[in-house]
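Trainee: Read off the chains here:
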Amino acid sequence: MIVTAHTARFTEPLRLSSGAVLPEFEIAYETYGELNAARSNAVLVCHALNASHHVAGTYAGDPDNVGWWDNMVGPGKPLDTERFFVIGSNYIGSCFGSTGPASTNPATGRPWGADFPVVTVEDWVAAQARLAERLGIERFAAVMGGSLGAMQALQWALSYPERVRNSIVIAATPRLSAQNIAFNEVARQAIMTDPDFHGGHYYDRGVVPVRGLRIARMIGHITYLSDDAMMEKFGRQLRRSERGFDFGVDFEIESYLRYQGDKFSTYFDANTYLRITKALDYYDPAADFGGDLSKAFARARADFLVVSFTSDWRFSSARSREIVRALLDNRRVVSYLEIDAPQGHDAFLLEDPRYHDALRAYFGNIAL
Amino acid sequence: MTELETIARWVAQGARVLDLGCGDGRLLRRLWQTKQALGYGVEIADAHVLGCIRNDVNVLQMDLEDGLAAFADKSFDVVILSETLQAIHRQEYLLREMLRVGREAIVSFPNFGYWRARIQIAIAGHMPVSKELPYQWYDTPNVHHCTLVDFEALCGKLGFSILERVVLTEGATVSTLPNLLGALALYRVTSPASTNPLTVPPQAPHQHRQQDQRRQPQG
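Protein sequence lines correspond, in order, to chains F and B.
Just so you know, we're using the working numbering here: the first sequence kicks off at 12 and counts up by one.
Just so you know, we're using the working numbering here: the second sequence kicks off at 1085 and counts up by one.
These aren't lab readings, by the way, just hints derived from the structure by calculation.
Here the structure is a predicted model, which means the values were calculated and not measured.
Treat the hints loosely; a few may be bogus.
[As the list claims (entries may be wrong)] Here are the simulated SDA-like cross-link-like pairs (lysine to any residue), alpha carbons at most 20 Å apart as the crow flies:
1) F/Lys306 <-> B/Asp1157
2) B/Lys1158 <-> F/Lys289
3) B/Lys1158 <-> F/Glu333
4) F/Lys306 <-> B/Ala1154
5) B/Lys1158 <-> F/Arg332
6) B/Lys1158 <-> F/Ala309
7) B/Lys1158 <-> F/Val344
8) B/Lys1119 <-> F/Val344
9) B/Lys1158 <-> F/Asn341
10) B/Lys1158 <-> B/Gln1097
11) F/Lys289 <-> F/Leu25
12) F/Lys274 <-> F/Ile264
13) B/Lys1158 <-> F/Arg336
Kindly generate the complete structure, drawing on both the sequences and the hints.
Mentor: If you want it as C-alpha cells, here you go:
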C-alpha cells in the first residue's frame, strides 16, 4: 500500500488546557481506504509516544519506511482499509509534521523551542476534532489506540461522546502511577541536564541534546519490555569474548539500549519528548470527579473494547481492569481481552493471532 | 425442554445478566435476541473469548477463581453459572460472590447422583463417563462434583433460598426421583440479602434501540 502524508492547517486559535493559546497550527495526517457515502466508516488511529501519523503502508520510493501499525491496518488486515476509512493523525507538539516546538513561532519568526506550550491529551483530542471536521467526519465508527494512543481513544469518548461509536483502548492506563511518572521524570532530567539543552532553545545554537535523548530513550525502552522478554532476547550474553573489566559494552542488552538510544537521538526532538511525557503524567480523566473513574465515564456513550497484555508492567492488566470496572459501573457495552503475551508493553505492536483475530472480529461487527 | 430454554424462561425481559464461564456466548446471544437482556460473559479461554466477540456478545476475559471483584454489588438481575460449578475450586466463595453482584443466581451442573453415574461407579467400578461428563478422570477440568442433595445442602449452609429447580435428562423434565433419574440440575436461587433494588437506573430507552441496531446478527 503506497500512502501519502498530508498537512491540514487551522487558523482559528486553539485554547489549551494550560490556558495558553496556539494562534494557528498544522496537523500532519495520512488516510487509508475510502470514506463511504454515509461517512460512517471512519476510524481514527491515535499513536503513542514516539510514533507518527504514518500508521500503515509505505511512501513511494521509500519501501523501508513502513507504517508503525502496518500489521494491524491495511487491506485485509484486522482493521481492513477495504472496508474502513482510516486516519492516522500526528499530535500537536510532535516533531513529525504537526506543529511543535521546532515549528516557527508566528510571534517571533523563530522556532518555538522552550516557549511551545505544554499540551495535554485533551488538547490533542480537541485538535483532532478539528481535523475530523475538516475531513467531513461527524462521527467515527471507532477511535483506536495503544498506550498513549489509548488515552486519546478514551478521551475521545469523554470529550466528544456523540462522535465516537466505538472506543478501542489497548495497553492502556486511566492514569499514570507514581512509578510511571518517576520514569518519565528521570527521562526529562536526562534531557534537561544535557549541556546542549540550553533551556530548550537549542535549535538556534545548532546543537541537539543527544546525550539526554539517548538516556531518555534507554529508560523508556526498559519499561516497554518485560523482564522475561529481555532475558529471553539478550540473557547475560556478552558482546565480546570475555569481560572487559572496563565500562565499554559487555552485555548484549547494553549494546541494544545504546543502539536504540543512538537511533532515537537522530530523529526525535528533545522538547517534544519533554511535552509528551508531561502529557502522559497529567492525564487523569477522574481528576475532576474526586478520583472516581466511574463518575468520569458517566458521559461516555461509545461501545468499548479494552485489551491488555499480561506481561505489560508499564501499564498492567490491573489498570485496564480499572477502566473496565468504570465502564461496567456505567452499563457501557464493553468487552475486555487479557492477552497472555510475554513481550510486555510492546506486545500491542506485535502480531499475535489471539489479539489480531479478536480485533478483526470486533471490526467485522461494526455496522456501517 | 433444554437447559438453554429453561434458563431463558427464568430471565426476565430486559434483565441485566452476567454469565460466568460463558463459552462462545451463545446463551447471552439468545437472551439478547429473545429477552433483550443486556449481558456480559466472563470467560478465560482465548478461543471462547474470540467466539463471543464473533457472536457480538460482551465478554470479559477474567479468571472466575479470582472472584467477581470487577463487578459492583447488586449490579445484575441474574448471574448465571451454567455447567461450570463442578470445574471451580472455590465454590462457596464464587456462589457467595454471585449473590453479592446479582439479585438472583442460576446454577446448573451435571448431577453426579444420576443413576448412570452411580452404576458406573458401583457396578463397573470406574469413574463415570457420559454425555454430560465426557472426560476421563485424569483429563477432566472438573474438580468438585456434586449431587442435587449435596448442592441443596450447600445452599442451606450459605443461607440461599431455592426459588425454582428443574431437573433434565435428555431434554425431558424429571419429576420423580430427580437425584437418581436426573442428568442435569438447574437451580434458581437467591439470598435474603439479595433483594435490594439495582443501584444504577436502567439506560434510557433510546440507547437500547441503538444497541438493537448494533447487535444485529451479521448474517
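Trainee: So, for every hint listed, does it hold in this structure?
Mentor: For each hint, the structure was consulted:
1. Pair hint F/Lys306 plus B/Asp1157 holds up; C-alpha atoms about 17 Å apart against a cutoff of 20 Å.
2. For the proposed pair B/Lys1158 and F/Lys289, the alpha carbon gap of about 39 Å is over 20 Å, so the pair is violated.
3. With a C-alpha separation of about 18 Å, the suggested pairing of B/Lys1158 with F/Glu333 holds against the 20 Å cut-off.
4. Between F/Lys306 and B/Ala1154, the direct Cα distance comes to roughly 16 Å. Compliance with the 20 Å bound is thereby established for this hinted pair.
5. For the hint linking B/Lys1158 to F/Arg332, the alpha-carbon distance of about 19 Å falls within 20 Å, and the restraint holds.
6. With a CA separation close to 19 Å, the supplied pair B/Lys1158 and F/Ala309 stays within the 20 Å bound.
7. For the given pair, B/Lys1158 sits about 18 Å from F/Val344 by alpha-carbon distance, which is consistent with the 20 Å threshold.
8. Simply put, B/Lys1119 and F/Val344 have alpha-carbon atoms about 17 Å apart, close enough for the 20 Å limit, and the pair holds.
9. With a C-alpha separation of about 14 Å, the suggested pairing of B/Lys1158 with F/Asn341 holds against the 20 Å cut-off.
10. Restraint check for B/Lys1158 and B/Gln1097: satisfied, since their Cα atoms lie roughly 18 Å apart, inside the 20 Å limit.
11. Taking the CA atoms of F/Lys289 and F/Leu25, the gap is near 19 Å; set against the 20 Å cutoff, the hint holds.
12. Pair hint F/Lys274 plus F/Ile264 holds up; C-alpha atoms about 15 Å apart against a cutoff of 20 Å.
13. Annotation: proposed proximity of B/Lys1158 to F/Arg336 holds, straight-line Cα distance about 14 Å (limit 20 Å).
Of the hints listed earlier, the one the structure fails to meet is number 2.
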